[in-house]
Amino acid sequence: DAGVTQSPTHLIKTRGQQVTLRCSPKSGHDTVSWYQQALGQGPQFIFQYYEEEERQRGNFPDRFSGHQFPNYSSELNVNALLLGDSALYLCASSWTGYNEQFFGPGTRLTVL
Amino acid sequence: QKEVEQNSGPLSVPEGAIASLNCTYSDRGSQSFFWYRQYSGKSPELIMSIYSNGDKEDGRFTAQLNKASQYVSLLIRDSQPSDSATYLCAVLNYGGSQGNLIFGKGTKLSVKP
Chain V
1 DAGVTQSPTH
11 LIKTRGQQVT
21 LRCSPKSGHD
31 TVSWYQQALG
41 QGPQFIFQYY
51 EEEERQRGNF
61 PDRFSGHQFP
71 NYSSELNVNA
81 LLLGDSALYL
91 CASSWTGYNE
101 QFFGPGTRLT
111 VL
Chain X
1 QKEVEQNSGP
11 LSVPEGAIAS
21 LNCTYSDRGS
31 QSFFWYRQYS
41 GKSPELIMSI
51 YSNGDKEDGR
61 FTAQLNKASQ
71 YVSLLIRDSQ
81 PSDSATYLCA
91 VLNYGGSQGN
101 LIFGKGTKLS
111 VKP
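In order, the protein sequence lines correspond to chains V and X.
For the first sequence, the numbering used here begins at 1 and goes up steadily by one.
For the second sequence, the numbering used here begins at 1 and goes up steadily by one.
Looking at chain V on its own, in the form it has when it is part of the complex:
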């Protein structure tokens, strides 16, 4: 049973560029949440997708957007990258009705 997968593992971009990160949830899970983790900090909630719609959103600007596909996989898009967007981006999957969220390996984004 495959766990949560994310791609790419690492990414280097320059300021102003755009990036797309991808996530496939654990088998049987239908909800995907995205988190940003800066160095030395706990993960911060970006947004959550269920039934192909954004259901909740944290305190992140509109430069952060996402999508969920019919197979429950998800993308996180960040436009107009800033140096401060450098972080580990984590995808967590869960199943409606259960509270536990399971994280993928993450994508390390570096903005130069």
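For the record, the hints were derived by calculation from the structure and aren't laboratory data.
Keep in mind that this is a model prediction, so the values were computed, not measured.
For glycine and all other residues, C-beta sits at the position ideal for the given N, C-alpha and C.
Don't take every hint at face value.
[As the list claims (entries may be wrong)] Covered stretches of chain X (in silico footprint by chain V; criterion: 3 or more residues with CB under 8 Å from a CB of chain V, positions within the stretch not fixed):
1) 39-50
2) 103-112
[As the list claims (entries may be wrong)] Straight-line distance between alpha carbons at most 27 Å, and here's what the computed DSSO-like set of lysine-lysine pairs gives:
3) LYS56(X) <-> LYS13(V)
4) LYS56(X) <-> LYS26(V)
5) LYS42(X) <-> LYS26(V)
Let chain V serve as the given structure and place chain X on it in line with the hints.
Chain X only, in chain V's frame:
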């Protein structure tokens, strides 16, 4: 602003000792609590969840919850060097179809051989 507070550490314990990690939260209405372990350079791994007051044991790990004091703790018995990691406390914030997690900054644990 809902908050989760943890001592950042580092917490250093000798091998075989009990490690005690603590967490407080601000939202009195919170019902679901989680402990994640994060090794350096890796993603968080769920190790315990707790929903009711009292203790919940799983192997060498015991989670303790006191909703009246808004306090969650994690005890690791017979600590091993492989337990050296950052431990993240998380509280479920309900909203939308399912809740999102609010994390503390984590406590770094070092188990010395």
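Numbers of the earlier hints that this structure fails to satisfy, in rising order: 3
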